[in-house]
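Visitor: Sequence:
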Amino acid sequence: MNQHKVTLCRHSFYFQTNGNSLIARVGMTNKSYLAKNYFLMKSLSALLLSAVICFSFPSCQYMDIRNAVKFNDSIIKINQAIMSNAKIWGDSLRAGDYTSLNKIRVNTENYIQHHIEALEKMEAVGKGGEQFKREEISYLKMEKKVINLGFSPFEQLTSDRGSEAIQAANDNLDELGKGEEVEINRLKKRQQQYAEDNKFVLQRKKLI
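Everything in the sequence shown is counted per the working numbering, starting at 15 for the first residue and increasing by one.
In case anyone wonders, no lab produced these hints; they're calculated from the structure. No incorrect hints appear here.
Label-pair ranges, simulated between beta-carbon atoms:
hint	residue 1	residue 2	range
1	131	109	31 to 37 Å
2	101	196	18 to 24 Å
3	188	77	41 to 47 Å
4	180	148	35 to 41 Å
5	132	188	27 to 33 Å
6	95	195	17 to 23 Å
7	120	75	42 to 48 Å
8	75	182	51 to 57 Å
9	171	88	31 to 37 Å
10	193	124	17 to 23 Å
Think of the CB as a built atom: it goes at the ideal place given N, C-alpha and C, for glycine as much as any other residue.
Construct the complete structure from the given sequences, taking the supplied hints into account.
Guide: If you want it as structure tokens, here you go:
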């Protein structure tokens with residue numbers, strides 16, 4: 015008995031060819047009959063293999079697209095959480111609640127660092143996945159820097175501090191924000207390329 019293995023989409027399929035199984039069942043010994051059935055079984059095996067390949071390739075492609083979409087969505091989720099925390103920080107700042115700013119900033123920095131480390135260990139998914147991952151890590155490192163250097167000066171503010179101190183903190187944050195736009199645009203272009211390479215549509219989904 016010969017066992018043959020075919021691997022498709024990281025799944026293994028086994029099929030067997032046994033020229034004696036049919037013979038044992040019907041008790042035939044005629045050589046021409048045996049030869050005819052041997053070639054028939056070989057043909058059936060080839061047909062079975064073709065059917066497996068035919069039906070498996072579309073399934074493989076669907077799984078690859080779905081995994082690429084999941085990878086993209088996981089990156090979107092990270093970035094949206096950062097923006098959500100930044101909004102909470104901004105709301106506290108506008109309300110003059112300066113005492114809560116430090117906790118929000120530190121939590122956000124820790125969140126970013128956690129996901130930088132997680133992404134560095136994560137296996138990239140899909141065509142261009144490694145470049146997309148690296149672009150995201152670069153973006154996260156930049157955001158962490160902006161939050162650390164741009165948010166922390168506001169923590170020193172108090173209700174009795176003058177407008178000059180507030181303006182200085184704002185100017186510092188604006189200056190850091192210039193590099194942020196560059197990184198965001200670069201990441202968006204990479205995301206669009208990743209979607210095209212992996213044959214899925216971004217629709218209304220955004221990085222930020």
